[in-house]
Amino acid sequence: MSKVLENLYYQATDEWLKVEGDIGIVGITDYAQDKLGDIVYLEEASLGRKVKKGEAIISIESVKAAAEIHSPISGEIIEVNKEAVNNPQIINEDPYGKGWLFKIKIENMDELKDLMDAKGYSEYRKE
Amino acid sequence: MKKIPLHSFHEKHNAKFIEFAGFIMPLYYTSIKDEHMSVRERVGVFDVSHMGEIRIKGKNAKKFADYILTNDILNTNYKDVKYTVMLNENGGIVDDLFSYTFSDEEILLVVNAANIEKDFYHLKKYLWSGLELINESENTIEFAVQGPKAEDFLQNFTSYDLKDIKYFKFDFIEIFGEKLLISRTGYTGEDGFEIYMNKESGEKALTQILEKGKDYDIRLCGLGARDTLRFEVCYWLYGNDIDESINPIESGQKFLVNMNKENFIGKNALEKILKEGIKRKFVGIEVNGGIARHSYKIFDRNLNEIGFITSGNFSFVLNKSLALGYINLPHGEIGEEIIISDGKRNLYGKIIKKPFIKPRVKKEG
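Residue numbers (the working numbering), protein chains in the order written: chain A, 5 to 131; chain B, 14 to 378.
To be clear, the hints were calculated from the coordinates, so they are not data collected in a lab.
Each hint should be verified, as a subset may be incorrect.
As the list claims (entries may be wrong) - Footprint (simulated), chain B over chain A, 3 or more residues, beta carbon under 8 Å:
{"#": "1", "segment": "41-54"}
{"#": "2", "segment": "67-78"}
Said to hold, decoys possible - Facing chain A, a subset of chain B residues (Cβ under 10 Å, in silico):
{"#": "3", "residue": "H26"}
{"#": "4", "residue": "I304"}
{"#": "5", "residue": "R306"}
What the hints assert, rightly or not - Think about it this way: if two alpha-carbon atoms lie no more than 25 Å apart in a straight line, the pair counts; the simulated BS3-like pairs of lysine-lysine are:
{"#": "6", "chain 1": "B", "residue 1": "K267", "chain 2": "B", "residue 2": "K333"}
{"#": "7", "chain 1": "A", "residue 1": "K54", "chain 2": "B", "residue 2": "K357"}
{"#": "8", "chain 1": "B", "residue 1": "K363", "chain 2": "A", "residue 2": "K56"}
{"#": "9", "chain 1": "B", "residue 1": "K192", "chain 2": "A", "residue 2": "K68"}
{"#": "10", "chain 1": "B", "residue 1": "K70", "chain 2": "B", "residue 2": "K363"}
{"#": "11", "chain 1": "A", "residue 1": "K68", "chain 2": "B", "residue 2": "K310"}
{"#": "12", "chain 1": "B", "residue 1": "K72", "chain 2": "B", "residue 2": "K182"}
{"#": "13", "chain 1": "A", "residue 1": "K102", "chain 2": "A", "residue 2": "K57"}
{"#": "14", "chain 1": "B", "residue 1": "K95", "chain 2": "B", "residue 2": "K274"}
{"#": "15", "chain 1": "A", "residue 1": "K57", "chain 2": "B", "residue 2": "K15"}
{"#": "16", "chain 1": "A", "residue 1": "K68", "chain 2": "B", "residue 2": "K16"}
{"#": "17", "chain 1": "B", "residue 1": "K357", "chain 2": "B", "residue 2": "K375"}
{"#": "18", "chain 1": "A", "residue 1": "K7", "chain 2": "B", "residue 2": "K137"}
{"#": "19", "chain 1": "A", "residue 1": "K86", "chain 2": "A", "residue 2": "K102"}
{"#": "20", "chain 1": "B", "residue 1": "K371", "chain 2": "A", "residue 2": "K68"}
{"#": "21", "chain 1": "B", "residue 1": "K267", "chain 2": "A", "residue 2": "K68"}
{"#": "22", "chain 1": "B", "residue 1": "K25", "chain 2": "A", "residue 2": "K39"}
{"#": "23", "chain 1": "B", "residue 1": "K333", "chain 2": "A", "residue 2": "K68"}
{"#": "24", "chain 1": "A", "residue 1": "K117", "chain 2": "A", "residue 2": "K54"}
{"#": "25", "chain 1": "B", "residue 1": "K15", "chain 2": "B", "residue 2": "K29"}
{"#": "26", "chain 1": "B", "residue 1": "K179", "chain 2": "B", "residue 2": "K192"}
{"#": "27", "chain 1": "A", "residue 1": "K86", "chain 2": "B", "residue 2": "K366"}
{"#": "28", "chain 1": "B", "residue 1": "K179", "chain 2": "A", "residue 2": "K68"}
{"#": "29", "chain 1": "B", "residue 1": "K29", "chain 2": "A", "residue 2": "K130"}
{"#": "30", "chain 1": "B", "residue 1": "K16", "chain 2": "A", "residue 2": "K39"}
{"#": "31", "chain 1": "B", "residue 1": "K176", "chain 2": "B", "residue 2": "K131"}
{"#": "32", "chain 1": "A", "residue 1": "K68", "chain 2": "B", "residue 2": "K25"}
{"#": "33", "chain 1": "A", "residue 1": "K130", "chain 2": "A", "residue 2": "K54"}
{"#": "34", "chain 1": "B", "residue 1": "K225", "chain 2": "B", "residue 2": "K192"}
{"#": "35", "chain 1": "B", "residue 1": "K357", "chain 2": "A", "residue 2": "K39"}
{"#": "36", "chain 1": "B", "residue 1": "K29", "chain 2": "A", "residue 2": "K7"}
{"#": "37", "chain 1": "A", "residue 1": "K39", "chain 2": "B", "residue 2": "K29"}
{"#": "38", "chain 1": "B", "residue 1": "K280", "chain 2": "A", "residue 2": "K68"}
Virtual Cβ for every residue (Gly too), placed ideally from N, Cα, C.
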């Protein structure tokens, strides 16, 4: 059973969003990292890039497959997790912690209502 | 989808399954990387029962095998194994396989799972009268025990000195409490053995392997690690790196072809290819910016299409993204810079020497 954390927002494409003030931290869920298997490549997101909710931002690749990371929210990318770019395996090891992907300055808080909470996401990914 | 004989055993060991060649096969149990490194550093065991076994029996079986396969089978003796390819009349590769010589009257071919039926019909098409073809695939269990500690580990199950089985030799020995066929072969680039048995013995033997294997921190390995391991040492994967549209000269498998033989299927075509020269070659590529996967196109720096990727993966030992593919000559020199694309995204690559890491098998003699 994959881990789902409380107090995060989730979207159907398996990204999570943590909100701290007007900053959003984005990562992939435990379910997603488990599905991908050994992650071996994370594309570096461009700092300053303006992104729309749902837009494909970067690719992430495992031995088996490549996947797109979609931004759960609109805004500007203000920080990239270099440690995860250099050592993508930490996304497998700690998807909600050290394996976060990038931070966004959130443009529109209203968009949060379109995301799932932990309970909703658990239901959605119930196997 | 067919299940392999020990499917429920693998389920019990938390295998993640994948469909492959008409079979539901274990892809991995812990993680591909963990299993990969167990084989490079210690020992791992693969259930490769999906592989096919076709026996040729009857007068001149060895002569027939020599005619249908490219390697020198005629001069092999009892207990010899040969890696070889089987060609169509155009010189295209029907399969790559291992040939086990039992006698002049008996040869066992171990073929790729996806090709079992195709190979059987190919052999049947050319079969000489008086010869019998037996497809034993469904009743044969095969385990590959691979890694630098493979010999030391397997020695626990037999009083026979495993040092006596040299690289690319086989024997029948008492192991796991029965007399079984074992060969010093594999496809991981490490020393190791492949052991054949019937369905009934399979679970018993694998249980013993995993129990004793705890002392060796052994891993049960799936298809995922089998692919990443063979890839690092640049061994060909049928269906990816070779198929009937590719000949063994361009794939770099000329060493599997004995052109001095009087005749073999595909010889005329290969003579012509050798005379005219090949148009493309199989190369190793270092990749920047992701994984270059099967069927991605290769371009030169001026964006002219010059080839295609056949296998691409991440090397856990070298910690970099690498690929194999075909490049049209005169391209493909070591150091040449190329662009790889799936149509959406460009990756940058450079031709490098093969193999990416050297096999550490125990050489003959």
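We went through each hint and held it up to the structure:
1. Taking a C-beta to C-beta cut-off of 8 Å, the segment 41-54 of chain A contributes 5 residues in contact with chain B, enough for the three needed, and the coverage statement holds.
2. With 3 residues bearing a CB less than 8 Å from a CB of chain B, the segment 67-78 of chain A meets the requirement of three and the coverage assertion stands.
3. With 10 Å as the threshold, the beta carbon of B:H26 stays out of range of chain A, its nearest partner Cβ sitting at about 17 Å, so the hint is violated.
4. Restraint check, B:I304 versus chain A: the minimum CB separation of about 5 Å is within 10 Å; hint holds.
5. The interface hint given for B:R306 is met, as the beta carbon of that residue sits about 8 Å from the closest beta carbon of chain A, less than 10 Å.
6. Between B:K267 and B:K333 the alpha-carbon distance is near 29 Å, which puts this suggested pair outside the 25 Å criterion.
7. Proximity of A:K54 to B:K357 is assessed by CA-CA distance (about 21 Å); at most 25 Å being required, the pair is judged to hold.
8. In summary, the hint linking B:K363 to A:K56 is not supported, as the alpha carbons are separated by about 35 Å, beyond the 25 Å threshold.
9. For the suggested pair B:K192 and A:K68, the alpha carbons sit about 38 Å apart, so the restraint of at most 25 Å is broken.
10. Only pairs whose Cα atoms come within 25 Å are accepted, and B:K70 paired with B:K363 is rejected, the gap being roughly 48 Å.
11. A distance of roughly 19 Å separates the Cα atoms of A:K68 and B:K310; the hinted pair therefore holds under the 25 Å criterion.
12. For a cut-off of 25 Å, the pair hint linking B:K72 to B:K182 stands: about 23 Å separates their Cα positions.
13. Our distance criterion of 25 Å between C-alpha atoms is met by A:K102 and A:K57, whose separation comes to about 23 Å.
14. The hinted pair formed by B:K95 and B:K274 meets the criterion: a straight-line CA distance of about 16 Å does not exceed 25 Å.
15. This hinted pair does not check out: A:K57 and B:K15 have alpha carbons roughly 43 Å apart, beyond 25 Å.
16. Proposed proximity of A:K68 and B:K16 is supported: the alpha carbons are some 21 Å apart, at most 25 Å.
17. The suggested pairing of B:K357 with B:K375 is violated, with an alpha-carbon distance near 44 Å, which exceeds 25 Å.
18. Distance hint between A:K7 and B:K137 is unfulfilled; the C-alpha atoms sit about 54 Å from each other, more than 25 Å.
19. Taken as a hint, the A:K86 and A:K102 pair is honoured in the structure, with Cα atoms around 11 Å apart against an allowance of 25 Å.
20. Between B:K371 and A:K68 the CA atoms are separated by roughly 24 Å; this keeps the pair inside 25 Å, and the hint holds.
21. For the hint pairing B:K267 with A:K68, the CA-to-CA distance comes to about 31 Å; that exceeds 25 Å, so the pair is violated.
22. Annotation: proposed proximity of B:K25 to A:K39 holds, straight-line Cα distance about 19 Å (limit 25 Å).
23. For the hint pairing B:K333 with A:K68, the CA-to-CA distance comes to about 15 Å; that is within 25 Å, so the pair holds.
24. Among the hinted pairs, A:K117 with A:K54 is consistent with the structure: their alpha-carbon atoms are about 21 Å apart, no more than 25 Å.
25. Between B:K15 and B:K29, the direct Cα distance comes to roughly 16 Å. Compliance with the 25 Å bound is thereby established for this hinted pair.
26. The straight-line distance between the Cα atoms of B:K179 and B:K192 is roughly 18 Å, inside the 25 Å bound, and the hint therefore holds.
27. The suggested pairing of A:K86 with B:K366 is violated, with an alpha-carbon distance near 30 Å, which exceeds 25 Å.
28. Among the hinted pairs, B:K179 with A:K68 is inconsistent with the structure: their alpha-carbon atoms are about 35 Å apart, more than 25 Å.
29. The straight-line distance between the Cα atoms of B:K29 and A:K130 is roughly 17 Å, inside the 25 Å bound, and the hint therefore holds.
30. Distance hint between B:K16 and A:K39 is fulfilled; the C-alpha atoms sit about 22 Å from each other, no more than 25 Å.
31. For a cut-off of 25 Å, the pair hint linking B:K176 to B:K131 is broken: about 36 Å separates their Cα positions.
32. Among the hinted pairs, A:K68 with B:K25 is consistent with the structure: their alpha-carbon atoms are about 23 Å apart, no more than 25 Å.
33. Between the alpha carbons of A:K130 and A:K54 the distance comes to roughly 33 Å, so the proposed pair goes past 25 Å and is violated.
34. Only pairs whose Cα atoms come within 25 Å are accepted, and B:K225 paired with B:K192 is accepted, the gap being roughly 19 Å.
35. Under the criterion of a C-alpha separation no larger than 25 Å, the hint pairing B:K357 with A:K39 is consistent with the structure, at around 23 Å.
36. Taking the CA atoms of B:K29 and A:K7, the gap is about 18 Å. The hint holds against a cut of 25 Å.
37. Under the criterion of a C-alpha separation no larger than 25 Å, the hint pairing A:K39 with B:K29 is consistent with the structure, at around 10 Å.
38. As the CA atoms of B:K280 and A:K68 are separated by approximately 38 Å, the hinted pair breaks the 25 Å bound.
The structure fails to meet hints 3, 6, 8, 9, 10, 15, 17, 18, 21, 27, 28, 31, 33, 38 from the earlier list, while all remaining hints are met.
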